[in-house]
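Asker: This is what each chain is made of:
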Amino acid sequence: MGKKRERLEVIKDILKVIRSSRRIKPTRLLYASNLSPQMFKDYIKELREKGFINMDEIEGKKEFYLTKKGNNFLQEYRVIENFVENFGL
Amino acid sequence: MIEWILENKELIKIVYGLIIGLMCFFIVLRVDRIFRLSLHQGIRYLRNAFFFYGLAFIFRYLIGGLIVYGYLNSVFYIWTKIFFEFFLVMAGFCLLYSLLWKKLDSDEKYSSSLFNFKMAIFYLIALMVVVLDFIWNSFYFLFFSQILLFLFMTGISFSNYVQKKRNGKFLKYYFVAMILSFVVWILNAIASIYLNWNPMILISIYLLNSIIFLLFLFGVVIVTRRN
Chain F
12 MGKKRERLEV IKDILKVIRS SRRIKPTRLL YASNLSPQMF KDYIKELREK
62 GFINMDEIEG KKEFYLTKKG NNFLQEYRVI ENFVENFGL
Chain Z
803 MIEWILENKE LIKIVYGLII GLMCFFIVLR VDRIFRLSLH QGIRYLRNAF
853 FFYGLAFIFR YLIGGLIVYG YLNSVFYIWT KIFFEFFLVM AGFCLLYSLL
903 WKKLDSDEKY SSSLFNFKMA IFYLIALMVV VLDFIWNSFY FLFFSQILLF
953 LFMTGISFSN YVQKKRNGKF LKYYFVAMIL SFVVWILNAI ASIYLNWNPM
1003 ILISIYLLNS IIFLLFLFGV VIVTRRN
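These protein sequences, in sequence, are chains F and Z.
Going by our numbering, the final residue of the first sequence carries number 100, and the count climbs one at a time with no gaps.
Going by our numbering, the final residue of the second sequence carries number 1029, and the count climbs one at a time with no gaps.
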């Protein structure tokens, strides 16, 4: 069994999937994120609250896309990860 | 040299407060950028710790110095000591909590960094320490709380260093900073209780404190540097 992913790592993984697809449906993102439906729901809620992702609903079809803030997070992810590791946070 | 130090001790205090305050300001700015991107609670409390340290040193040494030189009304002098102690205790709690938050409350979601339930508890304890020292006209409660706090943080940072040294090179310096802080608080207590604030001990404390804040500034700048 693999090591449990850290919270920041899960966020990075979800954002990377969204970035690579540009726009992605919730079901596809759920499969790609490798999370339980409840955890997925919690993370999506958190990411929307943080303003990292947004959702469009066109003709009843939902799609997630990355915001500028989410894109910035991905670019700085290594710095954030380094910071957390180096300061024991 | 000693005579010069004694003659200019208030000026030295102002410069010292300004240097530490500026270092804290740069640390807060750098850490705040990382916090705003990640909204990571550990980063949030580390930033808050240096925010309070900055305020503490500016109040005590910069504003206190200006009062001594007559640029500000001496009525405020007692308040510089009160705020200094209050902000120092708050900073210590925030630093400790930045290391412990995962074990205590990993799902914390506060919108405000300075006004939330956890901070309210810290404010209350800090206020108690200040009031007790004010009643006893001493710094005993401050010294005792900080010695305990830094002893505990030395243990945590040593454990972090041993377990994760491959991932974070700064962990070693963090541990060193905690040992030095612990030593500084013991020196403070000795200088206050037994040596009537001996100037040479005070200069050693100022130097050690400057090294500690420089270490943190160095760590923050190196780690947050963009490639």
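Please note: incorrect hints may appear among the correct ones.
[What the hints assert, rightly or not] Cross-link-like lysine to aspartate or glutamate pairs, in silico, EDC-like; alpha carbons within 16 Å at most:
{"#": "1", "chain 1": "F", "residue 1": "Lys52", "chain 2": "F", "residue 2": "Glu74"}
{"#": "2", "chain 1": "F", "residue 1": "Lys23", "chain 2": "F", "residue 2": "Asp67"}
{"#": "3", "chain 1": "Z", "residue 1": "Lys883", "chain 2": "Z", "residue 2": "Glu812"}
{"#": "4", "chain 1": "F", "residue 1": "Lys80", "chain 2": "Z", "residue 2": "Glu812"}
{"#": "5", "chain 1": "Z", "residue 1": "Lys966", "chain 2": "F", "residue 2": "Glu96"}
{"#": "6", "chain 1": "F", "residue 1": "Lys56", "chain 2": "F", "residue 2": "Glu70"}
{"#": "7", "chain 1": "F", "residue 1": "Lys23", "chain 2": "F", "residue 2": "Glu70"}
{"#": "8", "chain 1": "F", "residue 1": "Lys73", "chain 2": "F", "residue 2": "Glu87"}
{"#": "9", "chain 1": "Z", "residue 1": "Lys966", "chain 2": "F", "residue 2": "Glu92"}
{"#": "10", "chain 1": "Z", "residue 1": "Lys905", "chain 2": "F", "residue 2": "Glu17"}
{"#": "11", "chain 1": "Z", "residue 1": "Lys971", "chain 2": "F", "residue 2": "Glu96"}
{"#": "12", "chain 1": "Z", "residue 1": "Lys967", "chain 2": "F", "residue 2": "Glu70"}
{"#": "13", "chain 1": "Z", "residue 1": "Lys966", "chain 2": "F", "residue 2": "Asp67"}
{"#": "14", "chain 1": "Z", "residue 1": "Lys971", "chain 2": "F", "residue 2": "Glu68"}
{"#": "15", "chain 1": "F", "residue 1": "Lys36", "chain 2": "F", "residue 2": "Glu68"}
{"#": "16", "chain 1": "Z", "residue 1": "Lys967", "chain 2": "F", "residue 2": "Glu74"}
{"#": "17", "chain 1": "F", "residue 1": "Lys36", "chain 2": "F", "residue 2": "Glu87"}
{"#": "18", "chain 1": "F", "residue 1": "Lys80", "chain 2": "F", "residue 2": "Glu96"}
{"#": "19", "chain 1": "Z", "residue 1": "Lys974", "chain 2": "F", "residue 2": "Glu96"}
{"#": "20", "chain 1": "F", "residue 1": "Lys36", "chain 2": "F", "residue 2": "Glu20"}
{"#": "21", "chain 1": "F", "residue 1": "Lys36", "chain 2": "F", "residue 2": "Glu74"}
{"#": "22", "chain 1": "F", "residue 1": "Lys23", "chain 2": "F", "residue 2": "Glu68"}
{"#": "23", "chain 1": "Z", "residue 1": "Lys904", "chain 2": "F", "residue 2": "Glu17"}
{"#": "24", "chain 1": "F", "residue 1": "Lys79", "chain 2": "F", "residue 2": "Glu60"}
{"#": "25", "chain 1": "F", "residue 1": "Lys36", "chain 2": "F", "residue 2": "Glu70"}
{"#": "26", "chain 1": "F", "residue 1": "Lys79", "chain 2": "F", "residue 2": "Asp53"}
{"#": "27", "chain 1": "F", "residue 1": "Lys52", "chain 2": "F", "residue 2": "Asp24"}
{"#": "28", "chain 1": "Z", "residue 1": "Lys904", "chain 2": "F", "residue 2": "Glu60"}
{"#": "29", "chain 1": "F", "residue 1": "Lys27", "chain 2": "F", "residue 2": "Glu87"}
[What the hints assert, rightly or not] Far from chain F, some chain Z residues (derived; all Cβ distances over 12 Å):
{"#": "30", "residue": "Gly823"}
{"#": "31", "residue": "Leu848"}
{"#": "32", "residue": "Val1025"}
Worth flagging that the hints you see were computed from the coordinates, not collected in a lab.
Quantities reported herein were computed from a predicted structural model and do not represent experimental measurements.
We put the CB at the ideal spot given by N, CA and C, even for glycine.
Asker: Each hint should be assessed against the structure and marked as holding or not.
Answerer: Tested hints:
A hinted pair counts as satisfied when its Cα atoms are at most 16 Å apart, and F:Lys52 with F:Glu74 qualifies at roughly 14 Å. The hinted pair formed by F:Lys23 and F:Asp67 fails the criterion: a straight-line CA distance of about 21 Å is larger than 16 Å. Annotation: proposed proximity of Z:Lys883 to Z:Glu812 holds, straight-line Cα distance about 15 Å (limit 16 Å). Of the pairs offered as hints, the one joining F:Lys80 and Z:Glu812 is violated, with about 47 Å between alpha carbons and a cut-off of 16 Å exceeded.
For the suggested pair Z:Lys966 and F:Glu96, the alpha carbons sit about 8 Å apart, so the restraint of at most 16 Å is met. Distance restraint check for F:Lys56 and F:Glu70: the Cα-Cα separation of roughly 22 Å exceeds the 16 Å cut-off, and the hinted pair is therefore not satisfied. Distance hint between F:Lys23 and F:Glu70 is unfulfilled; the C-alpha atoms sit about 29 Å from each other, more than 16 Å. Proposed proximity of F:Lys73 and F:Glu87 is contradicted: the alpha carbons are some 28 Å apart, above 16 Å.
With a C-alpha separation of about 13 Å, the suggested pairing of Z:Lys966 with F:Glu92 holds against the 16 Å cut-off. Between Z:Lys905 and F:Glu17 the alpha-carbon distance is near 14 Å, which keeps this suggested pair within the 16 Å criterion. The suggested pairing of Z:Lys971 with F:Glu96 holds, with an alpha-carbon distance near 9 Å, which does not exceed 16 Å. A hinted pair counts as satisfied when its Cα atoms are at most 16 Å apart, and Z:Lys967 with F:Glu70 does not qualify at roughly 52 Å.
Between Z:Lys966 and F:Asp67 the CA atoms are separated by roughly 42 Å; this puts the pair beyond 16 Å, and the hint is violated. Our distance criterion of 16 Å between C-alpha atoms is broken by Z:Lys971 and F:Glu68, whose separation comes to about 46 Å. Simply put, F:Lys36 and F:Glu68 have alpha-carbon atoms about 10 Å apart, close enough for the 16 Å limit, and the pair holds. For the hint pairing Z:Lys967 with F:Glu74, the CA-to-CA distance comes to about 42 Å; that exceeds 16 Å, so the pair is violated.
At most 16 Å may separate the alpha-carbon atoms for a hinted pair to count; F:Lys36 and F:Glu87 exceed this at roughly 25 Å. A C-alpha spacing of about 22 Å is found between F:Lys80 and F:Glu96, which places the hinted pair above 16 Å, so the restraint is violated. Between Z:Lys974 and F:Glu96 the alpha-carbon distance is near 12 Å, which keeps this suggested pair within the 16 Å criterion. Our distance criterion of 16 Å between C-alpha atoms is broken by F:Lys36 and F:Glu20, whose separation comes to about 21 Å.
Between the alpha carbons of F:Lys36 and F:Glu74 the distance comes to roughly 5 Å, so the proposed pair stays at or under 16 Å and holds. This hinted pair does not check out: F:Lys23 and F:Glu68 have alpha carbons roughly 24 Å apart, beyond 16 Å. Distance restraint check for Z:Lys904 and F:Glu17: the Cα-Cα separation of roughly 11 Å lies within the 16 Å cut-off, and the hinted pair is therefore satisfied. Restraint check: the Cα-Cα separation between F:Lys79 and F:Glu60 comes to about 14 Å, which is no more than 16 Å; the hinted pair holds.
Proximity of F:Lys36 to F:Glu70 is assessed by CA-CA distance (about 13 Å); at most 16 Å being required, the pair is judged to hold. With a C-alpha separation of about 21 Å, the suggested pair F:Lys79 and F:Asp53 falls outside the 16 Å cut-off, and the hint is violated. Our distance criterion of 16 Å between C-alpha atoms is met by F:Lys52 and F:Asp24, whose separation comes to about 15 Å. Under the criterion of a C-alpha separation no larger than 16 Å, the hint pairing Z:Lys904 with F:Glu60 is inconsistent with the structure, at around 21 Å.
With a C-alpha separation of about 13 Å, the suggested pair F:Lys27 and F:Glu87 falls inside the 16 Å cut-off, and the hint holds. Every C-beta of chain F lies more than 12 Å from that of Z:Gly823, the closest at about 21 Å, which supports listing it as non-interface. Once the 12 Å rule is applied to beta carbons, Z:Leu848 is inconsistent with being away from chain F; the minimum gap is 6 Å. A cut-off of 12 Å between C-beta atoms contradicts the statement that Z:Val1025 is not in contact with chain F; the least separation is 5 Å.
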